[in-house]
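*Asks:* Sequence:
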Amino acid sequence: MSAPIQGRTTTIITTVPPPVVLANVGARLENLTVTGGNINKTESLHGAGLQIGTFGGTASGCRITGNRSGTYYNCGGGVGIGSAQGVVRNCIIDHNTVLCTSSQEYGGGAYLTAGVMSNCVIHSNVSLDGGGVYIAGEALVANCTIVSNRATNAYGGLFMTDWATANVRAKVRDSIIWGNVDASTSPKDGTTTRPEYGAGAVINNDNFNYCAFSEGTKLPTDDARHLMGEGNFTCNPGFKRFDKLDFRIKMFSPCDRVMGDDGRYHGVSSTGSWLGALQPYPAGFLLLVK
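Residue 206 in our numbering is what sits at position 224 of the sequence shown, and the numbering runs on without skipping anything.
Just so you know, not all the hints are guaranteed correct.
Once the Cα atoms are required to be at most 30 Å apart in a straight line, the calculated DSSO-like pairs of lysine-lysine come out as [said to hold, decoys possible]:
#: 1; residue 1: K232; residue 2: K222
#: 2; residue 1: K222; residue 2: K153
#: 3; residue 1: K232; residue 2: K153
Quick list of simulated restraints, FRET-style, between CB atoms [claimed, not checked]:
#: 4; residue 1: R246; residue 2: N6; range: 41 to 49 Å
#: 5; residue 1: F224; residue 2: A5; range: 20 to 28 Å
#: 6; residue 1: G8; residue 2: E212; range: 31 to 39 Å
#: 7; residue 1: G254; residue 2: D188; range: 27 to 35 Å
Hints are computed from structural coordinates only; laboratory data are not their basis. As the structure is a computational prediction, the values presented were derived from the model and not from experiment. Where a beta carbon is used, it is the ideal one built from N, C-alpha and C, also for glycine.
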C-alpha cells in the first residue's frame, strides 16, 4: 500500500487476503477496523491483522480486533511492526490471540521488533507470553494503556526480550500497565506469586519510565532484574468505566496529576501531563480480513 486507505462515515465489509500489509514509509491505514485475520502458516512478517514491514508505514485511528495467529512463529495476533519507520498510533487493539501448539506464541495484541506504538489501548488479548505486547527489538511504547490482557504462561501485560532490554534498546514510557494476568495470577483476588513480573510485565533496568503498574508490583531495587527507571509507581489508575471498557482516566486520578509541595497539581508523565492513552474511538469502514 503506497497511498492512504481511509474511512469515516460509511461501513463497508471488504474481503482481502490476510493480513493487511503496509510496506512503504508513505503507506497509511486510517480510521478502519481490521478483523477476521487468521494465519495458519509461517509468514515472513509478524501480525495476523496488520503487518508493517521493513520499509515502514503508519496505522492511525484504527481498531485491530478479533484476529488470530495459530501457526509456529507467527507472532502478534493483532499487529506486527518490523521497521523503525513503522508507527501505530491512536488505535484500539483488542481480542486478538496467538495460540498454537509450539512455544513461540508471543504478543497477543502486538509484536514489536522496531517502530513506535503511541496513544493506543491494548486490552483483552491472549498469548503464551506477553499477552498484550511483546517487544523483541528497539521499539518505543508511549502513552499506551495495556490492561486486562492474559498470558497462558507469563507476562500478561508486556514482555521484553533480553536483547531488547540490553543497553536500553526498547523504551516504555508514560503508560499504564494494569490488571493483566498470567499463570501465576490468582483468579480469586488478582494477586500474583511473582510480583517482579509487574502483575503482567517484566521490568528491567531503565527501559520503563513514568509508568503506572498494578498494585503489588515490585518496583525499584538494586537487583538488575527489577525496575531502575524514573517516575514509576503502583496504583489503581481510576478508569472512568472499567466495566464498560472505557479506559480513560478520571480527573485527578493518580495517573492524571498529583499535588506538589507548592500546593499546585502537576502532571505525572515525562512531559508533565497524564499517563496512558487518551482513548481513541475509531470509526468508519470495517475491513474484514479473510
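*Asks:* Determine for every hint whether it applies to the structure shown.
*Replies:* Hint check results:
With a C-alpha separation of about 5 Å, the suggested pairing of K232 with K222 holds against the 30 Å cut-off. A hinted pair counts as satisfied when its Cα atoms are at most 30 Å apart, and K222 with K153 qualifies at roughly 27 Å. Taken as a hint, the K232 and K153 pair is honoured in the structure, with Cα atoms around 26 Å apart against an allowance of 30 Å. Remark: the range hint 41 to 49 Å for R246 to N6 is upheld by a beta-carbon distance near 47 Å.
Evaluation of the 20 to 28 Å hint for F224 and A5 yields a failure: the beta carbon distance comes to about 37 Å. The hint said 31 to 39 Å for the Cβ distance between G8 and E212, and at roughly 36 Å that hint holds. For G254 and D188, the hinted distance range of 27 to 35 Å is not satisfied, since their beta carbons lie about 20 Å from each other.
The structure fails to meet hints 5, 7 from the earlier list, while all remaining hints are met.
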